[in-house]
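Asks: Turn these sequences into a full structure, and let the hints guide you.
Here the protein sequences line up with chains V and P, keeping their order.
Numbers given in our numbering equal positions in the first sequence, counted from 1, plus 602.
Numbers given in our numbering equal positions in the second sequence, counted from 1, plus 15.
Rather than coming from a laboratory, the hints here were simulated on the basis of the structure.
As the structure is a computational prediction, the values presented were derived from the model and not from experiment.
Errors might be hidden in some of the hints.
Derived coverage of chain V by chain P (criterion: at least 3 residues anywhere in the stretch with Cβ under 8 Å from a Cβ of chain P; other residues may be distant) [to be verified]:
#: 1; region: 752-758
#: 2; region: 939-947
Within a straight-line C-alpha distance of at most 27 Å, the following computed DSS-like cross-link-like pairs (lysine-lysine) qualify [claimed, not checked]:
#: 3; chain 1: P; residue 1: 102; chain 2: V; residue 2: 675
#: 4; chain 1: V; residue 1: 857; chain 2: P; residue 2: 80
#: 5; chain 1: V; residue 1: 675; chain 2: P; residue 2: 80
#: 6; chain 1: V; residue 1: 857; chain 2: P; residue 2: 95
#: 7; chain 1: P; residue 1: 159; chain 2: V; residue 2: 923
#: 8; chain 1: P; residue 1: 48; chain 2: V; residue 2: 857
#: 9; chain 1: P; residue 1: 159; chain 2: V; residue 2: 675
#: 10; chain 1: P; residue 1: 120; chain 2: V; residue 2: 923
#: 11; chain 1: P; residue 1: 60; chain 2: V; residue 2: 857
#: 12; chain 1: P; residue 1: 80; chain 2: V; residue 2: 679
#: 13; chain 1: P; residue 1: 159; chain 2: V; residue 2: 679
#: 14; chain 1: V; residue 1: 679; chain 2: V; residue 2: 806
#: 15; chain 1: P; residue 1: 206; chain 2: V; residue 2: 679
#: 16; chain 1: P; residue 1: 120; chain 2: V; residue 2: 679
#: 17; chain 1: P; residue 1: 159; chain 2: V; residue 2: 921
#: 18; chain 1: V; residue 1: 660; chain 2: V; residue 2: 923
#: 19; chain 1: V; residue 1: 796; chain 2: V; residue 2: 896
#: 20; chain 1: V; residue 1: 660; chain 2: P; residue 2: 60
#: 21; chain 1: V; residue 1: 923; chain 2: P; residue 2: 102
#: 22; chain 1: P; residue 1: 95; chain 2: V; residue 2: 675
#: 23; chain 1: V; residue 1: 921; chain 2: V; residue 2: 679
If you want the ones that stay clear, here's a sample from chain V, every Cβ over 10 Å from chain P, calculated [unchecked claim]:
#: 24; residue: 666
#: 25; residue: 667
#: 26; residue: 672
#: 27; residue: 675
#: 28; residue: 778
#: 29; residue: 835
#: 30; residue: 837
#: 31; residue: 861
#: 32; residue: 896
#: 33; residue: 959
#: 34; residue: 964
#: 35; residue: 967
#: 36; residue: 975
#: 37; residue: 982
We treat Cβ as the ideally placed atom computed from N, Cα and C, and that holds for glycine.
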Amino acid sequence: MTEPRRAPENPTMEMTSNKEVLRRIEYTGDMLLNMGPQHPSTHGVINFLVQTDGEVMKRAIPEVGYLHRSIEKIGEKCTYNGFMPYTDRVDYIAAMFANQGWAMAVERLLGVEVPKRAEYCRVIACELNRIASHLISVGTMAMDVGAVTPFPYALREREFINDLLEELCGARLTYNYLRIGGVAFDLPEGYADKVITFVDHFEKILVEFNRLITNNEIFVQRLAGLAPIPREMAIDYCLVGPNLRASGVPFDVRKDLPYSIYPELQFEVPVGRGEMGALGDAWDRFSLRVEEMKQSCRILRQCIAQIPRGETMGKVPRKIKFTEGLEAYSRIESARGDMQYYVVAGGGENAYRVKVRTGSFTAMGIIDQLSRGLMIADLVALIASLDVVAPEIDR
Amino acid sequence: MTPEEIQQSLAAKFGDAVGPLQPANKDPWVEVKPAAVREVCAFLKADPQLHFDCLMNLSAVDWPKQNQIHVVYHLFSYAKKHAFILKVKLDRASPTVPSLEPVWKSADWLEREQFDLLGVTFEGHPDLRRIMLPDDWVGNPLRKDYAEQPEYHQISTTRESPLDGFIRLDEMKKRAAATAAEAAASKTDAKAAAATATGAETPAAEKKELPQ
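Replies: Here is the structure:
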């Protein structure tokens, strides 16, 4: 006989618990709707406690943590090089950026120089990954608001990038391509031509994609003016990346706090202008990602043209060790915005504390405020437009 | 503004509550007394010269050796494009610091995360509850002395290693080589024994022993 299941005897929690949040809603007599954790439009395992009066939401409270894998704790347990594959899992849609953030943080601690060719390899891989990530974002957003056709179109293009990245590093999703001090593999033979062929093809597809969905009358009417985020609010809630730029803040880490070889490259930072509705509405966030893909293509062309010959790994000691208490901070522009690693070195070969600050985490914090007064169907569009990825929120 | 100038303007305004600029290896930081942190941050945000409009990152680090928990604030100004780091050192037994939620809204979730994982209490936070872990989870995982409970709601938190019973390939080869060498050695022994023994006696002895 097994013992019957019961609650633990002393749940010693003095603060307000999730149950109390639920109870608070129930007392008011509104309807409580649980959206998630398994819901196709939440882009992963997220739960929304939606308090509604008919179709209109009074509040949507995000409950996260279903995908918490304590990656920060793992970072304290393994070596600096050993943590690299785990960073892939921080954001599996744009894993290359998580690699780069970690590599840059440890390189700052070490003070090593990364060879020029390795930096170009990194940027080529990252920009390919950015296009792939944005394709998922715009594709799923279109699908979430009801347009099913664009999604397979976007995924078809992403498949080409997956093939390219597979050729580069052997993996299609969790790349583990970057190393501290360089990259794992040099570009394979004939890779430049393949990338250029893809970019030539993709730039035409983008025009078609804009005709199909971005400027589609029905799609614009669905999203224009939906959940606009004013400039001050976006900064106050620490939105980053495309979400911030859609609200009219022309800030891009690649431009404003340049790292890697980005100062040598020519590209523009697209900013939301509120063409179709209000500034920083869902349509702005959508079209900005499409614009960014164009800029990524530009960067790719320049990288392929300028890439020098040389080494792909810097001079990195075999065992990486620091004195205890050294700390470094790295900021990179991920597909989901400003991704930051804060690393405190331990005495031995492990880090003492790793903190990953991701764009999706702060983007989730704004949903409670933004959802007030929206329709339930618009919540789906709002989540999709913020481009949150569940593993990146929970880590 | 450079970190030196920012520190000077803070020291001029708050005096002892703000420490000197620490020449850390990479990013210089300044220690702030826990009681003054909200006023300092409100000043940093409101002052037109400093204009820190965004709290970028908030992390806490557990230091059992010094019996302290450090809360680290990474501030950034989109208007002035400069960054600054504040540190607050708290007692490890009861780490309590005023919440910055009234100053920057992004502090809401960032503080909840540190409360959950390190057990730092942020006073005046409107909704301080666990964010990553379940409500009835015991302990704060990112503390250095954290010991995981053996089970959670009768679900074991540990499992047998799936690699038990497997051995590494090189280990396997080594073992195979060792047994082969042993067998060869015993064979030569047996041959030697057979050569020395008188022909018919050994098989007869074996037959006798078998029924037992």
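Asks: Indicate, hint by hint, whether the structure satisfies it.
Replies: Now the hints, each set against the structure:
As drawn, the region 752-758 of chain V meets chain P at 0 residues by the rule of a beta-carbon pair under 8 Å; below three, the given contact is violated. Judged by the Cβ-Cβ criterion of 8 Å, the region 939-947 of chain V is covered by chain P as claimed, because 4 of its residues qualify and three suffice. For the hint pairing residue 102 of chain P with residue 675 of chain V, the CA-to-CA distance comes to about 21 Å; that is within 27 Å, so the pair holds. For the suggested pair residue 857 of chain V and residue 80 of chain P, the alpha carbons sit about 41 Å apart, so the restraint of at most 27 Å is broken.
Taken as a hint, the residue 675 of chain V and residue 80 of chain P pair is honoured in the structure, with Cα atoms around 19 Å apart against an allowance of 27 Å. Of the pairs offered as hints, the one joining residue 857 of chain V and residue 95 of chain P holds, with about 15 Å between alpha carbons and a cut-off of 27 Å not exceeded. A C-alpha spacing of about 20 Å is found between residue 159 of chain P and residue 923 of chain V, which places the hinted pair at or below 27 Å, so the restraint holds. At roughly 35 Å between alpha-carbon atoms, residue 48 of chain P and residue 857 of chain V are farther apart than 27 Å, so this suggested pair is violated.
Under the criterion of a C-alpha separation no larger than 27 Å, the hint pairing residue 159 of chain P with residue 675 of chain V is consistent with the structure, at around 10 Å. Taken as a hint, the residue 120 of chain P and residue 923 of chain V pair is broken in the structure, with Cα atoms around 37 Å apart against an allowance of 27 Å. A C-alpha spacing of about 24 Å is found between residue 60 of chain P and residue 857 of chain V, which places the hinted pair at or below 27 Å, so the restraint holds. Between residue 80 of chain P and residue 679 of chain V the alpha-carbon distance is near 18 Å, which keeps this suggested pair within the 27 Å criterion.
Simply put, residue 159 of chain P and residue 679 of chain V have alpha-carbon atoms about 11 Å apart, close enough for the 27 Å limit, and the pair holds. Between residue 679 of chain V and residue 806 of chain V the alpha-carbon distance is near 47 Å, which puts this suggested pair outside the 27 Å criterion. Annotation: proposed proximity of residue 206 of chain P to residue 679 of chain V is violated, straight-line Cα distance about 56 Å (limit 27 Å). Between residue 120 of chain P and residue 679 of chain V the CA atoms are separated by roughly 32 Å; this puts the pair beyond 27 Å, and the hint is violated.
A distance of roughly 24 Å separates the Cα atoms of residue 159 of chain P and residue 921 of chain V; the hinted pair therefore holds under the 27 Å criterion. Only pairs whose Cα atoms come within 27 Å are accepted, and residue 660 of chain V paired with residue 923 of chain V is rejected, the gap being roughly 52 Å. Taking the CA atoms of residue 796 of chain V and residue 896 of chain V, the gap is near 18 Å; set against the 27 Å cutoff, the hint holds. With a CA separation close to 31 Å, the supplied pair residue 660 of chain V and residue 60 of chain P exceeds the 27 Å bound.
Among the hinted pairs, residue 923 of chain V with residue 102 of chain P is consistent with the structure: their alpha-carbon atoms are about 24 Å apart, no more than 27 Å. Taking the CA atoms of residue 95 of chain P and residue 675 of chain V, the gap is about 35 Å. The hint is violated against a cut of 27 Å. Restraint check for residue 921 of chain V and residue 679 of chain V: the C-alpha separation of about 15 Å stays at or below 27 Å, so the hint holds. With a minimum CB-CB distance of about 6 Å to chain P, residue 666 of chain V fails to clear the 10 Å threshold, and the non-interface call is violated.
Chain P draws residue 667 of chain V into its interface by the beta-carbon criterion, the shortest separation being 4 Å against a cut-off of 10 Å. With a closest Cβ-Cβ approach of about 6 Å to chain P, residue 672 of chain V is found to fall inside the 10 Å limit, against its non-interface label. Listed as outside the interface, residue 675 of chain V is inconsistent with that label: its C-beta sits roughly 6 Å from the nearest C-beta of chain P, within the 10 Å cut-off. No beta-carbon of chain P is positioned within 10 Å of the beta-carbon of residue 778 of chain V; the least distance is around 21 Å.
Non-interface call for residue 835 of chain V relative to chain P: violated, since the shortest CB-CB distance, roughly 8 Å, does not exceed 10 Å. The beta carbon of residue 837 of chain V is not kept farther than 10 Å from every beta carbon of chain P, the shortest such distance being approximately 5 Å. Residue-level check passed: residue 861 of chain V sits 14 Å from the nearest beta carbon of chain P, beyond 10 Å. Look at residue 896 of chain V: its CB is around 24 Å from the nearest CB on chain P, clear of 10 Å, so calling it non-interface holds up.
Residue 959 of chain V, annotated as away from the interface, has a beta carbon of chain P within 10 Å; the closest lies near 4 Å. With a least CB separation of 5 Å from chain P, residue 964 of chain V falls inside the 10 Å interface cut-off, contrary to its annotation. Listed as a non-interface residue, residue 967 of chain V fails to keep its Cβ farther than 10 Å from every Cβ of chain P; the least gap is roughly 4 Å. For residue 975 of chain V, the requirement that its beta carbon stay farther than 10 Å from each beta carbon of chain P is met, with the minimum near 18 Å.
The claim that residue 982 of chain V is not at the interface with chain P holds, since no C-beta of that chain comes within 10 Å of its own (minimum 21 Å).
Violation of the numbered hints given earlier is confined to hints 1, 4, 8, 10, 14, 15, 16, 18, 20, 22, 24, 25, 26, 27, 29, 30, 33, 34 and 35; the remaining hints are satisfied by the structure.
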